[in-house]
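Chemist: Make a model of the complete structure from these sequences and hints.
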Amino acid sequence: MDLHAKYPAISDLRAAARKRIPHFVWEYLDSATGQERTLQRNRDKLDEVLFSPSILHGEFSPDLSTTFLGQTHGLPFGIAPVGMSGLIWPEAERLLAKAAAALTIPYSMSTVATQTPEDVAPHLGAHAWFQMYPPRDTDIRLDMMARAKAAGFSTLVMTVDVPVASRRERQTRGGLSQPPRLTPRLALQAAQCPAWLNGIRKTGMPRMKLMDGYAEQVQLDKTMRSSTAHVGYLLRTSPDWEYVRKLRGEWDGALIVKGVSRAKDAVALEKEGVDALWVSNHAGRQFDGGPATIETLPAVRKATKLPIIVDSGFETGLDILRGLALGADFIMLGRPWHYALGALGAKGPAHMADILAKDLTANMGQLGTKTLKDISKALL
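The numbering of the sequence shown is this note's numbering, which starts it at 1 and goes up by one.
No lab work stands behind these hints: they were computed from the structure.
Fair warning: there could be bad hints in the mix.
[As the list claims (entries may be wrong)] Straight-line C-alpha distance at most 30 angstroms; calculated BS3-like pairs for lysine-lysine:
{"id": "1", "residue 1": "K202", "residue 2": "K98"}
{"id": "2", "residue 1": "K209", "residue 2": "K271"}
{"id": "3", "residue 1": "K302", "residue 2": "K202"}
{"id": "4", "residue 1": "K98", "residue 2": "K6"}
{"id": "5", "residue 1": "K45", "residue 2": "K373"}
{"id": "6", "residue 1": "K264", "residue 2": "K202"}
{"id": "7", "residue 1": "K19", "residue 2": "K45"}
{"id": "8", "residue 1": "K202", "residue 2": "K246"}
[Said to hold, decoys possible] Here are the in silico distance ranges between beta carbons for each label pair:
{"id": "9", "residue 1": "G273", "residue 2": "A146", "range": "19 to 27 angstroms"}
{"id": "10", "residue 1": "H57", "residue 2": "Q192", "range": "20 to 28 angstroms"}
{"id": "11", "residue 1": "K264", "residue 2": "E118", "range": "18 to 26 angstroms"}
{"id": "12", "residue 1": "E242", "residue 2": "T172", "range": "27 to 35 angstroms"}
{"id": "13", "residue 1": "K264", "residue 2": "L188", "range": "32 to 40 angstroms"}
{"id": "14", "residue 1": "K373", "residue 2": "R18", "range": "33 to 41 angstroms"}
{"id": "15", "residue 1": "Q192", "residue 2": "P8", "range": "25 to 33 angstroms"}
{"id": "16", "residue 1": "K246", "residue 2": "P184", "range": "22 to 30 angstroms"}
{"id": "17", "residue 1": "L379", "residue 2": "K347", "range": "33 to 41 angstroms"}
{"id": "18", "residue 1": "L379", "residue 2": "Q192", "range": "41 to 49 angstroms"}
{"id": "19", "residue 1": "A362", "residue 2": "P291", "range": "28 to 36 angstroms"}
{"id": "20", "residue 1": "A5", "residue 2": "S54", "range": "24 to 32 angstroms"}
{"id": "21", "residue 1": "A191", "residue 2": "G273", "range": "51 to 59 angstroms"}
Glycine included, C-beta positions come from ideal geometry on N, C-alpha and C.
Modeler: As structure tokens, this is what we get:
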């Protein structure tokens, strides 16, 4: 089957995935928080970034390669961390790690994944990143980093924009609990998605294996849990600047801070010795009253010389060019990779990457930009 004939865009993968993933899981993947204004704002503000097409450049093949943190990648985008990936699609962490290795792009594994670093280790490529929600307990933090390093994760991503659990009302209405449990209502939804259900039968109902392992070691006060909180919230802390300093001293690889939105924070983080910044609003899943990342990106770019990643709402090759043109060095996507898995299973990630590569090539041809470094020259 010609996948490009049936699924020429990520929107086609999204539509197919929605039919193959149970509704309560779909609501977890696709929802944001509040009235989902930030989710929509991410999309709207990306659409406002326009370019000026150029003519008479002759034939050329655009170069899609880029260098980030001293590593050369054939594509300017990677796989962002998504919690509970293995709930969205069975064995998602393993499948995405393998896809990233084949594509030689970064794969970011979440602290609250359904697999442990050791589970994913055999499938990792050369660009494996471990995303950390900062643990409150020092021993847990040190052990978590040691395990990530031993498993092959060379880059640590510290997420700082989740100080408390968000409400995610749509997800709550969907009925997902933590840990996930198939009530009669949810079991009926699962039965209507046989490919998903058969996969879950093989793996078992997903849980946060890494965090569950640590939860067994410590006494936790579970009385203050919200409807969307989970064991990860009971173990993590809301970090401060001293926490960043400790982490910088403890981790001997590249350190990225994720969740940056203000220029003054970028300046301070550069002084603390982090290696890169990740501009993100958590795709609208944490706070519904902030700007789109494409709006905050230029000011952060102006404030620092550090490499910058941006995410939240990026869906197309044209979106990737928009982010690069406004100052990002690399783009990360989360939801789209899971749409690809939901639509096509193991074949999905490679096809999604090809969709983006073809879209990048087509748009760079229209703009007359032969390399990604030239893209800002085409901005209106």
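Chemist: All the hints need checking, so say for each whether the structure fits it.
Modeler: Against the structure, the hints come out as follows:
For the given pair, K202 sits about 19 angstroms from K98 by alpha-carbon distance, which is consistent with the 30 angstroms threshold. In summary, the hint linking K209 to K271 is not supported, as the alpha carbons are separated by about 35 angstroms, beyond the 30 angstroms threshold. Of the pairs offered as hints, the one joining K302 and K202 is violated, with about 49 angstroms between alpha carbons and a cut-off of 30 angstroms exceeded. At roughly 24 angstroms between alpha-carbon atoms, K98 and K6 fall within 30 angstroms of each other, so this suggested pair holds.
Note on K45 and K373: the hinted pairing holds, with a Cα-Cα distance of about 22 angstroms set against a maximum of 30 angstroms. The straight-line distance between the Cα atoms of K264 and K202 is roughly 48 angstroms, outside the 30 angstroms bound, and the hint therefore fails. The suggested pairing of K19 with K45 holds, with an alpha-carbon distance near 29 angstroms, which does not exceed 30 angstroms. Note on K202 and K246: the hinted pairing is violated, with a Cα-Cα distance of about 40 angstroms set against a maximum of 30 angstroms.
Under the hint 19 to 27 angstroms, the C-beta atoms of G273 and A146, about 20 angstroms apart, fit the expected range. Judged by the Cβ atoms, the range 20 to 28 angstroms given for H57 and Q192 is violated: they are separated by roughly 51 angstroms. Take K264 and E118: their Cβ atoms lie about 39 angstroms apart, and the range 18 to 26 angstroms is violated. Against the hinted window of 27 to 35 angstroms, the Cβ-Cβ separation of E242 and T172 comes to about 34 angstroms, which satisfies the hint.
Between K264 and L188, the C-beta spacing of about 50 angstroms breaks the proposed range 32 to 40 angstroms. Against the hinted window of 33 to 41 angstroms, the Cβ-Cβ separation of K373 and R18 comes to about 37 angstroms, which satisfies the hint. For Q192 and P8, the Cβ-Cβ distance of about 27 angstroms falls inside the hinted range of 25 to 33 angstroms, so the restraint holds. In this structure the supplied range 22 to 30 angstroms is violated for K246 paired with P184, their Cβ-Cβ distance being about 47 angstroms.
Separated by about 35 angstroms at the C-beta atoms, L379 and K347 satisfy the suggested range of 33 to 41 angstroms. In this structure, L379 and Q192 meet the distance hint of 41 to 49 angstroms, their C-beta atoms being roughly 46 angstroms apart. Judged by the Cβ atoms, the range 28 to 36 angstroms given for A362 and P291 holds: they are separated by roughly 29 angstroms. Checking the proposed 24 to 32 angstroms range against A5 and S54 shows it holds: the Cβ atoms sit about 30 angstroms from each other.
The hint said 51 to 59 angstroms for the Cβ distance between A191 and G273, and at roughly 52 angstroms that hint holds.
When the structure is compared with the earlier hints, violations turn up for hints 2, 3, 6, 8, 10, 11, 13, 16 and for no others.
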